[in-house]
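Student: Spelled out from the first residue to the last, the chains are:
Protein chains: 2
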Amino acid sequence: MLIVGESLNGTIPKVGEAIKAKDAEFVRKLALDQVEAGAQMLDVNAGVAGASEAEDLAWLVGLVQETVSVPLLIDSADPAALEAALAIHKGRPMINSISAEKHKLDSVLPLVASHDCSVVALCLGDEGIPQTPEARLKVARITVERAQAAGVKLEDIYVDPLTLGMCTSDKAAKITLETLRLIRQELPGVRIMCIASNVSFGMPNRRLLNRTFAAMAVAAAMGVEAVMVDVRDKAMMSSLMAADALAGRDPYCKAYFKAFRAGKLVT
Amino acid sequence: MLIVGESLNGTIPKVGEAIKAKDAEFVRKLALDQVEAGAQMLDVNAGVAGASEAEDLAWLVGLVQETVSVPLLIDSADPAALEAALAIHKGRPMINSISAEKHKLDSVLPLVASHDCSVVALCLGDEGIPQTPEARLKVARITVERAQAAGVKLEDIYVDPLTLGMCTSDKAAKITLETLRLIRQELPGVRIMCIASNVSFGMPNRRLLNRTFAAMAVAAAMGVEAVMVDVRDKAMMSSLMAADALAGRDPYCKAYFKAFRAGKLVT
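In order, the protein sequences belong to chains D and L.
The number in our numbering is simply the position in the first sequence, starting from 1, with 833 added.
The number in our numbering is simply the position in the second sequence, starting from 1, with 833 added.
Fair warning: there could be bad hints in the mix.
Identical copies carry no separate label here, and so any pair may be met within one copy or between two of them.
Unchecked claim - Under the rule of at most 27 Å between Cα atoms (straight-line distance), these lysine-lysine pairs were calculated in the DSS-like manner:
(1) 1067 x 1097
(2) 1091 x 1004
(3) 1097 x 1004
(4) 862 x 1091
These aren't lab readings, by the way, just hints derived from the structure by calculation.
Whole structure, please, built from the sequences with the hints as guidance.
Tutor: Structure follows, in structure tokens:
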């Protein structure tokens, strides 16, 4: 399971301020802390209101790659910012994201196809986020087919089923879990990315909901290939290790035992 | 979700000693503690080597029912002990358990059919615990059909997929999760009982594995009707509340919010 650290995101107020102020020390520490906590990839998002996203994202990518050696998940809605970041990224990044929206297929998919990278494919179309698992599968299928037609390999596509907050609907997580199950059944070969933090938006005890949801997502898809979480949350990381082992994805529970011996698991 | 407390079990050394010694105070406290922690039913098992199980189980049932008002899950492999316990149980108990084994169908099923009770149906046949989810479904189907033929209502049958310890195989939990999914699909109307503690037998950080597995079981079956757990484990109870809400089984997350306000959820 590829574990992506979610925290270098300009939409988080403190991080946004640091990006605006070009506070290199803050960014370096957040990158180091996440890698030390077990992140194998870091999301970088420079979406700060009233700033130059292309310039900021390129700065962020350069600075983070000077500091840590993991690849980055380059996260922007702006194709120009993605292009600027891709131009300076060393190694093989992932792009966040394409979808079945026309403007994404027109503007971001060509970038993905022309660079050596993987990509997150959101279950999202021109009509927004579909309400049913079947409709989410449908937009995922369109996106995957278009990406493959553009030359992107199936194993480089990480489908994100999307998760709305439980504060918007008490069926929000259920729809995502059922979407995960459908994607696993109906789109063999594609990879799955589970983003755990949205589900708890506006709810009490967010960390409890996030880690419980992450384990449930692993069960629904019988293993996910990637997760994006707050890697500094030890209880979350423990749940991921346990869930991966329980889903039969950790041969001889080797990684689980190793984490236990290293004192990385909560009781 | 019906929450059953697992702890009044004579196979646990301390509890076994208390039953042997007819230590009423110990038993009363364990019953009260579990109900206070949220148990809606208590498993009672008097399986102590070298003792009279029928006599001990009847004593246990009487004592626990004097102390708390929840119904009991009467747990014995001995039909005579079950019969003695059923004779004195007040209210509507559950019997643990029947299976597709010939001697269970011959000796325990008639007891179930002739009493006003519900029953746990183990995925177990005369050849032992089947190795594959499909084979477990097969023995579950046989048991359910035989129970229905004997007059037991479908909604009174709680199928337990059985869970071996991860120490026996790194696919042990996966087989159970896939069995849960199959039972939900193929045996509509039947209820599901998830017993969470076996999975971690012989493994480090048992509570972490147990609560993660319980959440995964809820995801695999899209909600379970009953769980048997250590109800005194606050992290487990929190995971169950979160998982039930995330599976869309807690309308408006009312129970989750209530537990939060009562300080019953870990962060």
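Student: Now look at each hint and say whether the structure bears it out.
Tutor: These are the hints, each one checked on the structure:
1. 1067 x 1097: So residue 1067 and residue 1097 pass the 27 Å test inside a copy (7 Å) and across (21 Å) alike.
2. 1091 x 1004: between (36 Å within a copy, 18 Å between copies)
3. 1097 x 1004: between (33 Å within a copy, 23 Å between copies)
4. 862 x 1091: within (26 Å within a copy, 38 Å between copies)
The structure fails none of the hints (numbered hints given earlier).
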